[in-house]
Amino acid sequence: MNIEKNKDLTEFSAYKIKSFCEVAYFPECENDLVELYRNNPDLDFTIIGNGNNILFAKEYYDRPFIIMNGNMNKFSIEENHICAEAGVTLLELSEAALKSNLTGLEAFYDIPSSVGGAIVMNAGNKNTEIKDVLTKVRYLSLEDFEIKEMSNSEIKFCYRSSFFQNNSNNIVLKAWFTLKHGNSSDIYNLMEKEKKIRWEKQPREYPNCGSVFKRPKNKFVGPMLDELNLKGFTIGGAQVSQKHSGFIVNTGSATGEDIILLINEIQRRVKLKFNIELEVEQRIIL
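Per UniProt numbering, the very first residue in the sequence shown carries number 1; after that it's consecutive.
Since the hints were made in silico from the structure, they are not lab data. Please note that a few of the clues may not be correct.
Straight-line C-alpha distance at most 25 Å; calculated DSS-like pairs for lysine-lysine [what the hints assert, rightly or not]:
no., residue 1, residue 2
1, 201, 219
2, 156, 214
3, 273, 217
4, 156, 219
Pair ranges (Cβ atoms, derived) [claimed, not checked]:
no., residue 1, residue 2, range
5, 132, 200, 22 to 30 Å
6, 180, 234, 44 to 52 Å
7, 144, 185, 42 to 50 Å
8, 16, 200, 19 to 27 Å
Ideal placement from N, C-alpha and C gives every residue a C-beta, glycine not left out.
Let's have the full structure, built from the sequences with the hints guiding it.
Here it is in structure tokens:
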């Protein structure tokens, strides 16, 4: 297992904000992760995946990080079932399904997330979520440092949330998915369609972590912010995207504090105008 002191975390957040941690651990397998927790029960670890839904609030963290990005990324396919470790990306998973003529993962083709992160937040779009193809999860309980399994129905999935998001002392290690056999051309065309839809509406010119807020009932975040004339509104280096108001971008010099201040101001104005409390979809590491 690789260990790096005073680790630069910039590459582990899609916002590309400069941040460091005291020490970073890179587990290469399930056993590395389990032993790390078992041997250091008093350490306050922060665990992250590939960082595409993460905001670093600080410039320096005087605590250890566990980084899954690039590690624990093995998977296997048997008939219409895929078993994948938490570090496998959704891009890798969907492309593997395509090669095996398996349908069900097309919606995740262009979602920048790892399997672990996708399960924690129940990633997806308006038509499909990870819960729709997930069978079960293998995880590490930090209460007794035992490895356990949980079925789909036990995970209590809901919109952009799950048991694992609400119980962070349980770490996703591996997941099983059940798909259907399909036609490779149809699968590929649907993957490209999903990618095109995202690229048309999402800002690509500046670093960002995707949609900032969960969609409130019977409302869309973008149009509400447009009505408030917030498109292009800026605090420091953080800006409400000119392309889609539901996104915040780093125009080049944003800090975590800039983005948090911008989030707070958006929430304040939306509450004042619409009496709606916007809930942040992204994970803010304090």
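Task: Whether the CB-CB distance between residue 132 and residue 200 falls inside 22 to 30 Å - done: holds (24 Å)
Open item on the list: Does the beta carbon distance between residue 144 and residue 185 stay inside 42 to 50 Å, or does it fall outside?
Closed with: Roughly 49 Å apart at Cβ, these two residues keep to the hinted range, so it holds.
Open item on the list: So if I understand the rule, the pair passes when the alpha-carbon distance is 25 Å or less; does residue 156 with residue 219 pass?
Closed with: holds (24 Å)
- [ ] Would you check the hint for residue 156 and residue 214, treating anything up to 25 Å between C-alpha atoms as holding?
- [x] holds (18 Å)
TODO: Go ahead and decide if the range 44 to 52 Å is satisfied by the Cβ distance of residue 180 to residue 234.
DONE: holds (46 Å)
Open item on the list: What's the verdict on residue 273 and residue 217, does the C-alpha distance respect the 25 Å limit or exceed it?
Closed with: The given pair, whose Cα atoms are some 16 Å apart, holds under the 25 Å limit.
TODO: Can you let me know if the beta-carbon spacing of residue 16 and residue 200 is within 19 to 27 Å?
DONE: holds (23 Å)
Open item on the list: What's the verdict on residue 201 and residue 219, does the C-alpha distance respect the 25 Å limit or exceed it?
Closed with: holds (17 Å)
Violation of the numbered hints given earlier is absent; every hint is satisfied by the structure.
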